[in-house]
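Asks: Which chain is which? The protein sequence lines are Y and X, in order. Oh and the first sequence: position 143 is 143 in my numbering, straight run, nothing missing. Heads up: take any position in the second sequence, counting from 1, add 1000, and you land on my numbering.
Among the hints, a few may not be true.
Using C-beta positions, here's what the derived DEER-type ranges look like [stated by the list, open to error]:
| no. | chain 1 | residue 1 | chain 2 | residue 2 | range |
| --- | --- | --- | --- | --- | --- |
| 1 | Y | 104 | X | 1223 | 34 to 42 Å |
| 2 | X | 1345 | Y | 53 | 33 to 41 Å |
| 3 | X | 1094 | Y | 107 | 23 to 31 Å |
| 4 | Y | 184 | X | 1094 | 52 to 60 Å |
| 5 | X | 1187 | Y | 107 | 33 to 41 Å |
Bear in mind the hints are in silico, worked out from the structure with no lab data behind them. Built from N, CA and C at the ideal position, the CB exists for glycine as well.
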Amino acid sequence: MRFGGLTAVRSVDFTVNAGEIVGLIGPNGAGKTTFFNCLTGLYVPTEGTVSYKGTVLPPKPHLVTQAGIARTFQNIRLFANMTVLENVLVGRHTRTKEGLWSALLRGPGFKKAEHASEERAMELLEFIGLAHKRDHLARNLPYGEQRKLEIARALASEPGLLLLDEPTAGMNPQETRATEELVFAIRDKGIAVLLIEHDMRFVFNLSDRVAVLVQGEKLVEGTSEVVQADERVIAAYLGEPFEGDPGEAEAAEVEAAEAAADATSSTKGEAK
Amino acid sequence: MTETTKTPAPDAVPTPPALRGLIRLPSSAARALVLGGGIATAASAFLAWTWTDEFPGDLTINGYPGGLQWLTFTAGVLTALFALAAYGIRGLGWLLPARNNAPLVLGALGGFSVTWFTVIAISVELGGVVNLEPGGWVAAIASLLPVIGAFALPQERTGTDGTKEALKAYVAKPDRIPAARATAPWVQRAVITVVTIIGLGVFTYGIDTEYGELFVGYLFVVVFAMWALHTAGLLDRFSALVAANRSFTLAMGFAAAIAFPFTQTDDHYANIGVNILIFGTVALGLNIVVGLAGLLDLGYVAFLGVGAYTAALVSGSEFSTISGVHLPFWASALAGAAASLVFGVLIGAPTLRLRGDYLAIVTLGFGEIFRIAVNNMDGQSGPDVTNGPNGIPSIPDLKIFGFNFGQAHDIGGFTLGRFANYYLLMVLIMAIVVLVYTRAADSRIGRSWIAIREDETAATAMGINGFRVKLIAFALGAALAGLAGTVSAHVTYSVVPTPYQFAGSTPPNSAFLLAAVVLGGMGTVAGPLLGAALLYLLPEKLVFLQEKSLLAFGIALILLMRFRPEGIIANRRRQLEFHETGQLDVPKQTTLTDEPAVTKAGA
Ligand SMILES: Nc1ncnc2c1ncn2[C@@H]1O[C@H](COP(=O)(O)OP(=O)(O)OP(=O)(O)O)[C@@H](O)[C@H]1O
Ligand SMILES: [Mg+2]
């Protein structure tokens, strides 16, 4: 994926298997969110394809969701002036069919479908723990609940793969732990989860596999242990003491990597 | 508000200034002044204010109020009632659920404004204050008293932060209105019925005002009275009642609308009524596009034009270019709606891929293209379809099942003239449009419109085909406008290109339609209808504004957007009250300051 002269994501080959939790980490500006946007059709990748269950997906967000990939956003994008329940009902859009005519004529089919949708949405709200706030406006929810609601809204489209972009950003430790439980619970429903996160403990606890993206390229991919042990990752990212003191050389490497990461993010300004 | 009030202990010497009024008076005297002044104001309406009946409304008779005096009387009575309720008189407690003073202030201001407006208007129009009888002076002084009294009432929120804040606190609604006691359903329905009847009365009075001064005075009283009721919390309570009895209220609303022509003796006012209905119906159609789907359409009036021209062409008018064709009304109504729908799709398909300002500009262009094209399809500069600027005159009156809309009919002792007939037809059409609007809004498709309006990117990522649902909104709005257009062609006898422009001094034009929606309240049913009524009546009644009316509307719209950006009638979404958490619906500004929290975590 290129923005003008800036290559944000370059030849990243990546597979998520059914029922898996996969973590995607990388320094700021590494291209993680851009990668998500390519997957969900919000950006049309300059090269490459996204396939889901063997079919290549067109770069159209609504068709991607229809196919079974749902997502949340790094900077929460709820429908602020809709109620909690309505937000989830919107998530059900692709799984319902009632068009304008049936809305105007209000036949029994319409009532049944609306009823079923509401029931399903309420189930999800129960699951996420927001059922008691169904009639609140989304924008009046506390921050952590807004993140949860975004997940519920994404789940409403009955996805096979859920993409979470920094689901714990801005959460306190308790909320983060609750989110961890939630992700496991989602996986137990048979939904594969791909998540971007900066909270390392969270990622390594959760993920079956972790991939590291640095400057738009995939550096390593493997189990938590493999990635944690990989020196390049430590160099590129985990600048803190990690299982023993880093030597002088590593520290220098980390600094260099940080400088490089800074350079990437400053490219953004120039690219604009 | 009252809950936070500390009862002023008489022995506490350093009384906090916060509990004093702006004008220093003992609060018992202030209260008495409001009550006495209110009664005096009402009574002064029975005096002669001027010596000659040259001033419209004949204010010369002692003992019987005329014209503007009735308005003074009403405002005086309202003030007195609020004052009595503030005294805690039994049976009036419901008037002041929050026991606050703002309604007294606003009631007093209503009486003051209409009385002083009248007195000043008499002096100006007749040339000098000598034209005032003693009664006029009495009225002016009497209406000033309650204002003084009201501003002397203690005001909890004054504090030390300046006169501006203090003044604001006098006219603001308290944060918390005590919840109403639960009432039996029949009581609720009775209340709604009574309010509907009063509403019909007030509305009819406004339409029937015969001269500009009376309409201005009427606006003063209505605005201040509604404001007073709002700050008293009565409007909130009423909307709660409405929310609990939605279909009953809708039925009552339509009953009132149907009753209107029966209250009229002059067909001229039915003409105003039918034009308001046409304008309001189109505004409601636009509300789907703007209020629900959030698409700023600046050329919407073109769809009204398409409907009107279609109906005119198939009406059997001898000037129609296909004059041989004479379709029955149901067919021409469908043809008009269908033609508009086709135009909506044709215009929407290329333009709806644009967002925001670009869409607005392109729709503005298409709106003008329609008018210019119609102007030129006269057989010389283009194909002969619309007779160019001459339009299609002598459109015959409708006949449905042998009922001739052009003739007056006697129904149950009431005579319904030509316009009253069309008015009733328009009520039917409006009912259809209201039904379409409410049903569409509360459905899967309506939710997807609102989602698109809220955040188009997120909506598409939730699986909504943005282009498709926007096109549906656009086409539906167009079809409804076209439907209204078919009636409007018959009402006005002829269709010409001029009304279908972007901006003009009289409705309907795209700017006025949009203003009606925004002014009345986007995303509501009643809002655009109210906005349309206001925007139609103002230029109609205030003849003296004529060429300056656009300027006046501009100013009014700016003021409204500054002080009540949600429009006169606020959307349910902006009014949701939350029980357990006590979170109030935060206004826009607060959301903006909340933003950094979001960006910080999400950057
Ligand atoms: N629409 C765009 N136009 C131009 N450049 C973009 C665009 N979106 C992203 N970029 C650039 O692509 C690079 C990758 O950004 P991206 O948002 O994917 O990073 P990220 O890994 O999600 O970072 P963070 O951890 O901070 O969220 C950045 O340099 C960014 O400035
Ligand atoms: Mg990101």
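Asks: Against each hint, give a clear statement of whether it holds in the structure.
Replies: Hint by hint, here is what the structure shows:
1. Y:104 with X:1223: 34 to 42 Å: holds (37 Å)
2. X:1345 with Y:53: 33 to 41 Å: With a Cβ separation near 35 Å, residue 1345 of chain X and residue 53 of chain Y satisfy 33 to 41 Å, so the hint holds.
3. X:1094 with Y:107: 23 to 31 Å: With a Cβ separation near 43 Å, residue 1094 of chain X and residue 107 of chain Y fall outside 23 to 31 Å, so the hint is violated.
4. Y:184 with X:1094: 52 to 60 Å: holds (55 Å)
5. X:1187 with Y:107: 33 to 41 Å: holds (35 Å)
Checked against the numbered hints given earlier, this structure breaks only hint 3.
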